[in-house]
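Chemist: Here is what each chain is made of, one letter per residue.
There are 2 protein chains.
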Amino acid sequence: MADHIHPIFDRLLTRDDYEQRLGQRGKVLWLTGLSGSGKSTLAIQLERKLFEAGFFSKVLDGDNIRTGINNNLGFSEAERMENIRRISEVARLFLDTGIICINAFISPKRAMRDMARSIVGPGDFIEIYVNATLDICESRDVKGLYQKARQGMIKGFTGIDDPYEPPFAPDLEIRTDLVELEDGVDQIFAYLRPLIALA
Amino acid sequence: MADHIHPIFDRLLTRDDYEQRLGQRGKVLWLTGLSGSGKSTLAIQLERKLFEAGFFSKVLDGDNIRTGINNNLGFSEAERMENIRRISEVARLFLDTGIICINAFISPKRAMRDMARSIVGPGDFIEIYVNATLDICESRDVKGLYQKARQGMIKGFTGIDDPYEPPFAPDLEIRTDLVELEDGVDQIFAYLRPLIALA
Numbered sequence: 001m002a003d004h005i006h007p008i009f010d011r012l013l014t015r016d017d018y019e020q021r022l023g024q025r026g027k028v029l030w031l032t033g034l035s036g037s038g039k040s041t042l043a044i045q046l047e048r049k050l051f052e053a054g055f056f057s058k059v060l061d062g063d064n065i066r067t068g069i070n071n072n073l074g075f076s077e078a079e080r081m082e083n084i085r086r087i088s089e090v091a092r093l094f095l096d097t098g099i100i101c102i103n104a105f106i107s108p109k110r111a112m113r114d115m116a117r118s119i120v121g122p123g124d125f126i127e128i129y130v131n132a133t134l135d136i137c138e139s140r141d142v143k144g145l146y147q148k149a150r151q152g153m154i155k156g157f158t159g160i161d162d163p164y165e166p167p168f169a170p171d172l173e174i175r176t177d178l179v180e181l182e183d184g185v186d187q188i189f190a191y192l193r194p195l196i197a198l199a
Numbered sequence: 001m002a003d004h005i006h007p008i009f010d011r012l013l014t015r016d017d018y019e020q021r022l023g024q025r026g027k028v029l030w031l032t033g034l035s036g037s038g039k040s041t042l043a044i045q046l047e048r049k050l051f052e053a054g055f056f057s058k059v060l061d062g063d064n065i066r067t068g069i070n071n072n073l074g075f076s077e078a079e080r081m082e083n084i085r086r087i088s089e090v091a092r093l094f095l096d097t098g099i100i101c102i103n104a105f106i107s108p109k110r111a112m113r114d115m116a117r118s119i120v121g122p123g124d125f126i127e128i129y130v131n132a133t134l135d136i137c138e139s140r141d142v143k144g145l146y147q148k149a150r151q152g153m154i155k156g157f158t159g160i161d162d163p164y165e166p167p168f169a170p171d172l173e174i175r176t177d178l179v180e181l182e183d184g185v186d187q188i189f190a191y192l193r194p195l196i197a198l199a
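Chains as they are written, first to last, in this note's numbering: chain L, 1 to 199; chain F, 1 to 199.
Some clues are possibly wrong.
When chains are identical, the list treats them as one kind, so a pair holds in a single copy or across two.
Below, a list of computed lysine to any residue pairs in the SDA-like style, where the Cα atoms sit at most 25 Å apart [what the hints assert, rightly or not]:
1. 143 - 12
2. 148 - 133
3. 155 - 96
4. 49 - 23
5. 109 - 13
6. 143 - 14
7. 109 - 197
8. 155 - 117
9. 148 - 62
10. 143 - 177
11. 143 - 13
12. 49 - 11
13. 155 - 165
14. 143 - 121
15. 143 - 11
16. 49 - 13
17. 143 - 21
18. 49 - 96
19. 109 - 72
20. 143 - 52
21. 109 - 19
22. 49 - 151
23. 143 - 162
24. 49 - 12
25. 49 - 93
26. 49 - 62
If you're looking for bench data, these hints aren't it; they were derived computationally from the structure.
Let's have the full structure, built from the sequences with the hints guiding it.
Modeler: Have a look at this one:
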């Protein structure tokens, strides 16, 4: 078997092989916004809509990342960067497998999202600003986190005692305080569709 | 939109949704063995054979992991464990997406592989011992690593100055010093096929 052992790089299936099989182009969607802005809800519904339209996508969010690969990371500045770095690398692995990877993370700092874009590759990175006013997000308070932050039980909570830096020029902005969920999903889908269609 | 925001767990597409779409069951194959034993070569050829048979798999190996998500890890004992932990978590994400994830890593210690099995879930973890004698592996020395280890330029090299702990009861053992590459691939494929077939 020794004769058959070669460097691996040019021998694995390529992203194009996977994409042809799946009948789509892979992309990385990056949903950023305050806690409670609706990122995960949009991600879930978008995944479903894509699936029903014959596309294959994968959602990464706090629930499957913070409990798994990033379960040994805290919330210091450095750990938050490392959190986003690992997520970006995982997203790239899905991208390289031809999959549409939908990421739903607050990712409050521009530097974080710039790093994510750089790891994924700018041509495949779609930044979506999921925007609702802090008042609205706080009034939703799905997980009771804003209340805890206001009571000082959580420190460094984005929007309360840690700033959120909105994207300067997102590829899309979804105003979840102004549009219905379904319309928000449709906006993303309409934007995405030509980008994931095979030529 | 506030009314539509719910906890995410039961709303995302399930592994079964993905599996039905791909027409297969996801599994995690874990190829362990000495450097030069042929893990990556088997992984590459297996991926290709699966693909041609209509299955969808993904290879994780040093080339796409050590240069990506684990590019901030060295080779201390703790970092080697963390290396395997992160790989296992990535494999689980692919598994949860219905994909057959083929992992090719020396993973020399039983404790490492036990951790991997535990993260992936024992029912989905297939341990494959890629076995060739040290002499054979060293004579192949594809990347010149054995030579460097013998010269003391690499410390803690598995098989030279760091022990390899063979699996006690692997699901499969492929003797790459005794069988042809194609036969090794066929052995794995034959074992795997009933496990990835949809009922």
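Chemist: Each hint: holds or not?
Modeler: Verification of the hints:
Only between protomers do residue 143 and residue 12 lie at most 25 Å apart by alpha-carbon distance; the minimum there is 18 Å, versus 43 Å within a single protomer. For a Cα distance limit of 25 Å, the shortest separation of residue 148 from residue 133 inside one copy, 19 Å, qualifies, whereas the shortest one across copies, 59 Å, does not. For the homomeric pair residue 155 and residue 96, neither the shortest alpha-carbon distance inside one copy (37 Å) nor that between copies (33 Å) is at most 25 Å. Proximity of residue 49 and residue 23 under a CA criterion of 25 Å is satisfied in both settings, with 16 Å inside one chain copy and 20 Å between copies.
Taking the shortest Cα distances, residue 109 and residue 13 never come within 25 Å of each other, neither inside one copy (35 Å) nor across copies (29 Å). Taking the closest pair of Cα atoms, residue 143 and residue 14 come within 25 Å of each other only across two copies (22 Å); inside a single copy the shortest separation is 41 Å, beyond that limit. For the homomeric pair residue 109 and residue 197, neither the shortest alpha-carbon distance inside one copy (31 Å) nor that between copies (45 Å) is at most 25 Å. Taking the shortest Cα distances, residue 155 and residue 117 never come within 25 Å of each other, neither inside one copy (28 Å) nor across copies (36 Å).
For the identical chains of this complex, residue 148 and residue 62 are intra-copy neighbours only, at 18 Å inside a copy versus 42 Å across copies, given an alpha-carbon limit of 25 Å. Proximity of residue 143 to residue 177 under the C-alpha cut-off of 25 Å is restricted to the intra-copy arrangement: shortest distance 18 Å within a copy versus 56 Å between copies. With identical chains, the CA atoms of residue 143 and residue 13 are at most 25 Å apart between copies only, with a shortest distance of 21 Å across copies and 42 Å within one. Taking identical chains as interchangeable, the C-alpha atoms of residue 49 and residue 11 lie at most 25 Å apart only when they sit on different chains, with a minimum of 13 Å there against 34 Å within one chain.
For the identical chains of this complex, residue 155 and residue 165 are intra-copy neighbours only, at 18 Å inside a copy versus 45 Å across copies, given an alpha-carbon limit of 25 Å. Taking CA atoms no more than 25 Å apart as the test, residue 143 paired with residue 121 passes in neither setting, with 33 Å inside one copy and 29 Å between copies. Taking the closest pair of Cα atoms, residue 143 and residue 11 come within 25 Å of each other only across two copies (16 Å); inside a single copy the shortest separation is 46 Å, beyond that limit. For the homomeric pair residue 49 and residue 13, the shortest alpha-carbon distance between copies (11 Å) is at most 25 Å, but the shortest distance inside one copy (28 Å) is not.
In this assembly of identical chains, residue 143 and residue 21 lie within 25 Å of each other by CA distance neither inside one copy nor across copies; the values are 39 Å within and 32 Å between. Taking the shortest Cα distances, residue 49 and residue 96 sit within 25 Å of each other both inside one copy (22 Å) and across copies (19 Å). In this homomeric assembly, residue 109 and residue 72 come within 25 Å of each other (Cα to Cα) both inside a single copy, at 21 Å, and across copies, at 21 Å. Neither within a single protomer nor between protomers do residue 143 and residue 52 lie at most 25 Å apart by alpha-carbon distance, with minima of 29 Å and 46 Å respectively.
Taking identical chains as interchangeable, the C-alpha atoms of residue 109 and residue 19 are never at most 25 Å apart, the minima being 32 Å within one chain and 36 Å between chains. With identical chains, the CA atoms of residue 49 and residue 151 are never at most 25 Å apart, being 38 Å at best within one copy and 58 Å at best between copies. In this assembly of identical chains, the alpha carbons of residue 143 and residue 162 lie at most 25 Å apart only when taken from the same copy (18 Å versus 48 Å across copies). Proximity of residue 49 to residue 12 under the C-alpha cut-off of 25 Å is restricted to the inter-copy arrangement: shortest distance 11 Å between copies versus 31 Å within a copy.
In the homo-oligomer, the alpha carbons of residue 49 and residue 93 lie at most 25 Å apart both inside one protomer (22 Å) and across protomers (21 Å), since each shortest distance falls under that limit. Taking the shortest Cα distances, residue 49 and residue 62 sit within 25 Å of each other inside one copy (21 Å), while across copies they are farther apart (35 Å).
Consistency with the previously given hints fails for numbers 3, 5, 7, 8, 14, 17, 20, 21 and 22, ordered from lowest to highest.
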